[in-house]
Amino acid sequence: MSLLILTLPLADGASPPEYRYTLSHDGQQVAQHGRASAALLPSVGRAAGELVALVPVQALSWHRAQLPPGVPLGSPRMRAVLEGLLEDQLLDDLGNLHFALAPGAAAGSSSWVAVCDRKWLRSALQALEAQGRRVARVVPEFAPGADAPSMHAIGTPEQPVLVLSNLAQDGALVALPLAPATLALIPPPPASAEQVFATAEPAVAGLAEQLLGGQLTLLSSGERALHAARSPWDLAQFDLANSGRTRALRKAGGLLGALLQAPRWRAARWAIGVLLLAQLVGLNAWAWKEEATLQAKRRAVRDILTLTFPHVKVVADAPLQMERELALLRQASGALAPADLEPLLAAAGGALAASGSASALDFTPGALRIRGITLSPEAIVLTANALQAQGYALTQEDDSLWLRTRVRP
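Residue numbers (the numbering used here): 9 to 417.
One or more of the hints may lead you astray.
Distance windows between CB atoms, simulated [stated by the list, open to error]:
1. GLY82 with LEU288: 40 to 48 Å
2. VAL282 with LEU48: 36 to 44 Å
3. GLU166 with ARG277: 43 to 51 Å
4. ALA295 with ALA335: 33 to 41 Å
5. GLY357 with PRO385: 55 to 63 Å
6. LEU288 with PRO385: 45 to 53 Å
7. PRO385 with LEU349: 24 to 32 Å
8. SER51 with TRP278: 45 to 53 Å
9. ALA156 with ARG72: 18 to 26 Å
For the record, the hints were derived by calculation from the structure and aren't laboratory data.
Ideal Cβ placement from N, Cα and C applies to all residues, glycine included.
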């Protein structure tokens, strides 16, 4: 999935701002990095592209809060709770601030809370949407967590910044000017830490190595932005939150776009197309074969009727006409039909001879009701199976046994 990561500008000027952007086609490697206005930003394409807004470290403050139990995390009540918990730690008007909880925060536990200017964040997101750039997630440039203690020198030679992460006892995140006076403010690493991971952007690497001593790992701002975009953070919460349904639809649409447009899925698209074509051809061939078989069976039934009864010239319903012709033959010869009384009595006598004698018999064409004989469920099943081979069905209803002729096709 391709990613376009935009660093939100801190300045709130009237002129169209420029965005520092990072483009990655696979979400793992930086493909393009630079600065441009919103109209000139590269496109993530239709192939599952996602636009991620990056909040600079200078725009956020971090606070630890003990969340009360029983309050839903995304509800307006939770925002009111956070205002009450952090009121003594914040100097600005609480109504002008935006709050965001850390990923995995749970009611009744302690969690990090990110705080920034609500108006600035909302204006920055609306400016992007006005240019047709809808932001999928908002992530912090740096965030406190369970990582090893680290120092990051970022910025420009004119405004260098030193970011300290997880060095203090509470694991707080601090951004300080990269200057000699800052060295006295750097706390010693925890005793449990083996070493402090230190990185620097190429623009301030020389100054950082001079002040901090030792060689630092070079990490470009694009690589750092890509690392931040892969974090589980999303600062768009409470009144700025994207609904779960909107996010799911956007993700599904992105995956569908990747399947339809991305070059790496070209082979899969060809394979799916060939598979669908083969299925379509196979279904039509199978339907043609089944139709031919059915027509052959119908012709065979008609041929049996016309060969057996040559005087039948028009065949409308071969089984029904065959049954009628057989009934006429039985009537002409005086033979008995299976639905007559005598065949029913013969079948009942053969199957129920050892079960006792009946007290009463009621006959209707095709059905014989027998009273006075009681069978167990097991005996009824065995007797019914024996009579089924002769073309009769035996059932028990109330205190009677019913022997009926089975309907034949």
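Hints, one by one, checked against the model:
Take GLY82 and LEU288: their Cβ atoms lie about 47 Å apart, and the range 40 to 48 Å holds. Between VAL282 and LEU48 the CB atoms are about 41 Å apart, so this pair conforms to the stated range of 36 to 44 Å. In this structure, GLU166 and ARG277 meet the distance hint of 43 to 51 Å, their C-beta atoms being roughly 50 Å apart. About 38 Å separates the C-beta atoms of ALA295 and ALA335, a value consistent with the hinted range of 33 to 41 Å.
Roughly 22 Å separates the CB atoms of GLY357 and PRO385, a value that falls outside the hinted 55 to 63 Å. Restraint check, LEU288 to PRO385: a C-beta distance of roughly 52 Å satisfies the suggested window 45 to 53 Å. Checked against the given bound of 24 to 32 Å, the beta carbons of PRO385 and LEU349, roughly 28 Å apart, stay inside it. Evaluation of the 45 to 53 Å hint for SER51 and TRP278 yields a failure: the beta carbon distance comes to about 25 Å.
At roughly 19 Å, the beta carbons of ALA156 and ARG72 sit within the given window of 18 to 26 Å.
Comparing the model with each earlier hint shows violations of hints 5, 8; every other hint is respected.
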